[in-house]
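Construct all of the structure, not just a fragment, from the sequences and the given hints.
What follows is the residue order along each chain.
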Amino acid sequence: MDKRRWIRWVGPAALAAGLGLAAASAARAEGPGRFLKLDNGLRVFFYEKRDIPLVHVVAGFDVGSKDETDGTNGLVHFLEHALLFRSGSARTGAEMRRHGAYFNGHTGQDLSMFEISLPSSEAAFALEALKDLLFGLELRQEEIDREKEIIREELNQMEDDPERRSVDLVLQALFPGHPYGRSVYGRAEVVAAATAEDLRLFHRKFFVADNCAMAVVGDFETAGMERLVRDVFGPLAGTGYSPPRLPPAGPLKKGSSAQLERDVIGGYLTIGFAAPDYNSTDLCAMNVLVEALGRGINPLLGGYLRGQRDSVQYVTMSYLAFRYGGAALVSIKADPRDLPFVERAAQAFLKRAGSLSYSKKDFADPEAEMAAFDYLEMARNQIRFAAARVDESGLQLAGGLVRHMLLNTRDSPGTYLERIGRVDSTDLRRAAGRYFGRSDAVAVSIVPLPEVKK
Amino acid sequence: MSRASKGRGSIFRAAAWLLAACLSPGPAGADASGPWRNAPETFELANGVRCIYQQDAASPTTAVGLVIGGGRAAVPAGLDGLAAVSTRLLLEIPDERKVQDLMAQATRLSFLCLEDCSVVLVECLTENLEAALKVAAKIILDPLVSGLRVDRARELMLANGRAEEDDAVKAGRQAAFRAFFGPGGYGTSLYGTKSSLESLDRKTVLSFIHRYLVRSNVFFCVQSDLGRDAVRGRLESAFKSFPGGDAAGLPLQDPALPPDRGIVLERDAKQTYIGRAFALPRTCLGDMAKGILLETLLGQGPGSRLWPLRSEERLAYGVDAELTWMRSGGVLIARLETGRDKGARAAEALDRTLAGLREAGLADEEFEAAKAVTRVCFLRDTEAKTPRLRRLALFGALGLGPEAAADLLEAVRTTTREEFQAFVRQALDPAKALRISVGPARAAGPQE
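Chains as they are written, first to last, in my numbering: chain A, 1 to 454; chain B, 1 to 448.
Simulated from the structure, these hints should not be mistaken for laboratory data.
Where a beta carbon is used, it is the ideal one built from N, C-alpha and C, also for glycine.
Keep in mind that a hint or two might mislead.
What follows is a set of in silico ranges between Cβ atoms, one per label pair, in the way DEER data are often shown [said to hold, decoys possible]:
#1 Lys351(A) x Lys98(B): 28 to 36 Å
#2 Arg211(B) x Phe341(A): 35 to 43 Å
#3 Asp341(B) x Arg245(A): 28 to 36 Å
#4 Lys351(A) x Gly244(B): 36 to 44 Å
Straight-line Cα separation of at most 16 Å, EDC-like style, residue types lysine to aspartate or glutamate; simulated pairs [as the list claims (entries may be wrong)]:
#5 Lys170(B) x Glu163(A)
#6 Lys148(A) x Asp101(B)
#7 Lys270(B) x Glu159(A)
#8 Lys270(B) x Asp263(A)
#9 Lys270(B) x Glu149(A)
#10 Lys360(A) x Glu312(B)
#11 Lys148(A) x Asp351(B)
#12 Lys270(B) x Glu261(A)
Structure (structure tokens):
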């Protein structure tokens, strides 16, 4: 691929899913960025951001829960723990702290991401440490066994959190039979039975230079940083690995609704819809649609639901664009007694979203046009704002760049914001009809225990 | 509980006086621009309101905070949620057309209610700043406080309060503040309770607003890619005047140790939150630096003192330390969330870890590492505009100037290990700790 052209459009679109929300996109048509592909296949993007003396490095691998089976569900997440936090790690926490380093990891459906940020004077250490942590795994069974209990606590913590729990369940139910239908956190029994050899197999296969993309963002001079990257990562061997292709996640045959009782006092509802994948031509329309319906000061769905029930105080929508599918999520907090009604009302409203007016231009009558509110303009501006905000945070920027390098398979014309600017009201109605107009939404609500159980 | 300092005048002036008395001479050699490319600076608007401004060209956006002295500290006992309800009502826009203009421009209006101040926050694309400020000024200076809107704000707070109570970490923190500070001020629930919210009527809210929303008790905090003069011009054009008057000074609210230092919030959950809360000495820059160092040393990630409770003892996934600074001092909470059958063991391990640091101190290497991490965490946490605005607003509310960030990092750098260890011995006195558990009954073992 032509390097210059790639740089021109990667910045904006890269950030499209930088926050896990496809709408949180960005930004510069042309920036001080540089793309590099090493001989071993490692892809690297450099982006100078020199307002504070830090450097942020994010390395991502094309491996996530999508690459597991029922019998290995949880191993990628386990590997994230093992790489970063095992007691016998090549880089101890104390050593990382001596260099002022913050580091962390995230496992998702498609990707595993690892991040480090530290003073820019420590950039060489950051790269060496990442290489050792991510490519130099030497595992002992006792280290694995120790980590199991910690992962069990993480699963417990997630189960106690009504919002995370409901989102996790909705995502599982949205993709039955597809690899995305497995929880990113994994199955407790798989984690309990995991061996060092299981993890080594995963690591050997997926944690290779050809399956990795890295973004370096921060206070550095690109030429010098490129030399460092070549010195540190250049010697890694290429394996010729290329990720397998998975089938696209198909639409659900039937919707579902589940209610869980927990010791909470609020009511928590998540509704999920199948949505376009990262490379779909519907991506931009869905980004704009989600903003118009569910984000900002008074979006369409939020305004409607608050008008129906006073107890509805929090309504937001998000859009997760994966490689082989996507999910549009509605999150609502309300009085638990109102949740069944709110669930029906939200679904009914979204079913009608394919016939709503989003733009002033939808009105033929000049007076109606004058009086109408332009949700399309609002949504576009919200995306511009979110994109600008991503530019402020080096880690978010680096994460977005890595996601794009690993997920994007399409060469789209123009910048991301230019494509957003071309979305019109008809596109929104078409996307709404396609993704919200069916009867296959998945809803999970979490409500208080009945008094008798307390 | 002692109620010191009954001086009149603005809360910020009182805090500034307090800090002037407490501060040692400024650290020599502090970089004037601080950790950022452009240093924050202060100027006074034509309406007499102070403005802390910092230019940041990282994005074409602007964040403006109107910081109002008071916050939870100003809430009387029994009126929990008053500051949050009052600040929320400053955002009511009566003119539907104006709402639509803001929506179309993707301008965000929100509020924060902190311990010593409330912040009305306007975030927008800079090209829309003028319009955003015009609307903000109109609604803030002439707030629409009808009975109906008060009812609506109470509903909102009730819902927020439910979510807060369902979060063990937030519930534990609230319980600690209540225990240290009693039923008023810092001890009040941020969003109120069902009964306290029922006590809030239009008259109470208006009285609160009129008392605290006065020139001498507010300041602006701005992060923008626009230059100083342009920002000043837009603020002065929108906020042509500001209500005068002297906000009645709030007494400093010192923490007091309750007779029963064990707090148990029972709930049926898979995990139990175990926390130890400590009141830290009255705020001055040197102590703030030591407090932040202690927070980092204890709880910020791998290599911290609490980390072995996860990595070695396998008691928890999440271990952390959280420090809140107020005018009257700080509250540090060290915590972990553990399995329901491990509560007693986790509590013992947490106490042992804290005692180990207090009694045996630390080596130079660990201390220097904590300094390095503290600096990086500060920079990363304040990299984006709104989090940086929040930090500068907090400094301002504590009576610190725009140079506080640079001074604080310099104070972190120059703190000696001996000074720090003396601070830790005082701060982590187990006889002054609150012991908090949130989770299944008796999971945390005996509290005394």
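Check the structure against each numbered hint from earlier and tell me which ones fail, lowest number first.
Checked against the structure, the hints that fail are numbers 3, 4, 6, 10, 11, while the rest are satisfied.
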